[in-house]
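Trainee: So the sequences go chain by chain: A and B. Counting from 1, one number per residue, gives the positions in the first sequence under our numbering. Counting from 220, one number per residue, gives the positions in the second sequence under our numbering.
Please note that a few of the clues may not be correct.
Below, in silico cross-link-like pairs of lysine to any residue (SDA-like), each with a Cα-Cα straight-line distance of 25 Å or less [claimed, not checked]:
#1 A:K20 - B:T415
#2 B:K352 - A:R156
#3 A:K20 - B:A262
#4 B:K274 - A:E22
#5 B:K274 - A:G120
#6 B:K247 - A:Q99
#7 A:K141 - A:S168
#8 B:K247 - A:K20
#9 A:K20 - B:G257
#10 B:K379 - A:E22
#11 B:K247 - A:G96
#12 A:K81 - B:G257
#13 B:K352 - A:S51
#14 B:K352 - A:G96
#15 B:K380 - A:D202
#16 B:K247 - A:S168
#17 B:K379 - B:G366
#18 A:K179 - A:E146
#19 A:K20 - B:V431
#20 A:K81 - B:R416
To spell it out: a stretch of chain A is covered by chain B in this simulated footprint if at least three of its residues, at any positions, have a beta carbon under 8 Å from a beta carbon of chain B; those stretches are [said to hold, decoys possible]:
#21 131 to 143
#22 156 to 163
The hints are simulated quantities; they were obtained by calculation from the structure and are not laboratory data. Remember, predicted model here, so these are calculated numbers, not experimental data. Beta carbons are placed, not taken as given, at the ideal position from N, Cα and C, and that holds for glycine.
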Amino acid sequence: MNGPHDLGGQQGFGSIAPEKDEPIFHAEWEKRALGITLSCGAFGAWTLDESRHARECLPPATYLSASYYEIWTRALETLLKRHGFATQAELDAGHGLGQGREPRGVLKAEMVADVLARGGPCDRPVEAPPRFAVGERVRTKNFNPETHTRLPRYARGRTGVVEAVQGSFVFPDDNAHGKGENPQWVYSVVFDAVEIWGDGADPSLTIALDLWESYIFPA
Amino acid sequence: MSEHRHGDLSEHGHHHDNHFSDMEARVKALETLLTEKGLIDPAAIDAIVETYETKVGPRNGAGVVAKAWVDPAFAEWLRHDATAAIASLGFAGRQGEHMRAVFNTPATHNLVVCTLCSCYPWSVLGLPPVWYKAPPYRSRAVIDPRGVLAEFGLDLPADKKVRVWDSTAELRYLVVPERPDGTEGFSEAALAALVTRDSMIGTGLALSPEAVR
Numbered sequence: 001m002n003g004p005h006d007l008g009g010q011q012g013f014g015s016i017a018p019e020k021d022e023p024i025f026h027a028e029w030e031k032r033a034l035g036i037t038l039s040c041g042a043f044g045a046w047t048l049d050e051s052r053h054a055r056e057c058l059p060p061a062t063y064l065s066a067s068y069y070e071i072w073t074r075a076l077e078t079l080l081k082r083h084g085f086a087t088q089a090e091l092d093a094g095h096g097l098g099q100g101r102e103p104r105g106v107l108k109a110e111m112v113a114d115v116l117a118r119g120g121p122c123d124r125p126v127e128a129p130p131r132f133a134v135g136e137r138v139r140t141k142n143f144n145p146e147t148h149t150r151l152p153r154y155a156r157g158r159t160g161v162v163e164a165v166q167g168s169f170v171f172p173d174d175n176a177h178g179k180g181e182n183p184q185w186v187y188s189v190v191f192d193a194v195e196i197w198g199d200g201a202d203p204s205l206t207i208a209l210d211l212w213e214s215y216i217f218p219a
Numbered sequence: 220m221s222e223h224r225h226g227d228l229s230e231h232g233h234h235h236d237n238h239f240s241d242m243e244a245r246v247k248a249l250e251t252l253l254t255e256k257g258l259i260d261p262a263a264i265d266a267i268v269e270t271y272e273t274k275v276g277p278r279n280g281a282g283v284v285a286k287a288w289v290d291p292a293f294a295e296w297l298r299h300d301a302t303a304a305i306a307s308l309g310f311a312g313r314q315g316e317h318m319r320a321v322f323n324t325p326a327t328h329n330l331v332v333c334t335l336c337s338c339y340p341w342s343v344l345g346l347p348p349v350w351y352k353a354p355p356y357r358s359r360a361v362i363d364p365r366g367v368l369a370e371f372g373l374d375l376p377a378d379k380k381v382r383v384w385d386s387t388a389e390l391r392y393l394v395v396p397e398r399p400d401g402t403e404g405f406s407e408a409a410l411a412a413l414v415t416r417d418s419m420i421g422t423g424l425a426l427s428p429e430a431v432r
């Protein structure tokens with residue numbers, strides 16, 4: 001979707017302002033927000049892609065004025081409600097008011113090391129061979145779905161060159177919406193900045209994106 | 220926490236310090252609720268936080284880069300199967316499931332961004348800094364990387380090409396910076412001390428031996 005998250009090439013956000021000796025967390029609540037979010041992932045009720053979509057569905061003014069862990073927390077509340085683990089009344093009260101859905105798993109302290117070390121690999125085999133070869137020129141799809149996609153606005157309808165076949169991975173556009181993993185080949189496609197940004201673009205700049213097979217067509 | 224109030228955004232140009240007091244209450248309520256319902260274990264949260272505060276951070280990645288600098292066979296492995304090469308050093312797991320290493324050369328400088336969220340190789344760099352997750356970096360890295368780099372104090376020569384990697388899929392990128400001059404005969408540990416987090420994102424270079432002396 002063309003949400004507030006799709007930031008590539010937007011202008012007016014100002015300077016980067018890196019902090020010297022930045023702490024890992026800026027407040028205690030950020031630590032809890034990270035831990036709660038990862039813990040709720042263990043329920044097995046939603047996918048990483050659905051989480052991302054919940055974040056990008058926040059109203060633009062909210063998204064853009066929130067720190068990252070605030071975005072996480074607000075999206076997590078949406079997911080907890082959507083999947084029946086908590087009600088708005090419970091979130092408002094900060095206490096349980098009734099029985100909710102049973103999770104498939106609850107993350108306990110002794111499981112954390114293993115779960116983090118295992119992660120969540122997203123590569124999946126596909127039967128068909130890759131449709132595009134290294135060196136081939138391809139054009140990206142131009143579309144504006146209201147649903148989740150990992151093809152950013154700035155790279156839609158553009159021509160680039162396949163530089164690598166990265167493997168086959170879960171297709172986020174389907175997986176975010178409960179339509180299954182439907183894996184596809186993913187390609188590293190390289191674009192000249194002039195193709196993306198037009199007149200005045202830096203001629204020494206190239207941009208590489210990882211694109212699923214259904215995002216691209218022969219150029 | 221008085222320095223972190225509403226309004227600091229404009230005063231300091233940081234994007235992390237808005238809504239702090241609201242969020243403290245909101246997250247506390249959420250943790251209480253979920254704990255009461257038996258859905259989360261607060262001790263698991265402590266263990267997650269401890270992992271990223273003490274065990275997983277940029278020193279992991281610095282070790283990978285230093286090994287690539289001294290061991291051509293490892294560098295080749297890293298180039299062709301970064302996931303396996305990095306896992307051989309004991310660094311794997313969440314947000315490092317699928318790794319790709321990109322090597323800076325005299326001709327090309329690499330820079331990594333995630334314009335759509337904040338994808339970042341946790342397993343080798345730890346949790347991302349605030350600027351990496353905030354709109355200025357995510358919006359500008361793909362359209363004005365030289366301007367971005369200049370704000371990090373890195374002015375690239377005009378004849379150096381820039382390649383920006385936008386992490387749109389589940390591959391997480393690690394930039395292998397060029398080995399600094401004057402480091403012949405350095406041990407892996409001494410080399411690793413020259414590798415900064417920013418140099419592995421591409422917003423910096425590895426330090427010179429003089430810089431750490």
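Trainee: Any hints this thing doesn't respect? Which numbers, in order?
Mentor: As far as the earlier hints go, 3, 8, 9, 10, 14, 16, 20, 21 and 22 are violated by this structure, in ascending order.
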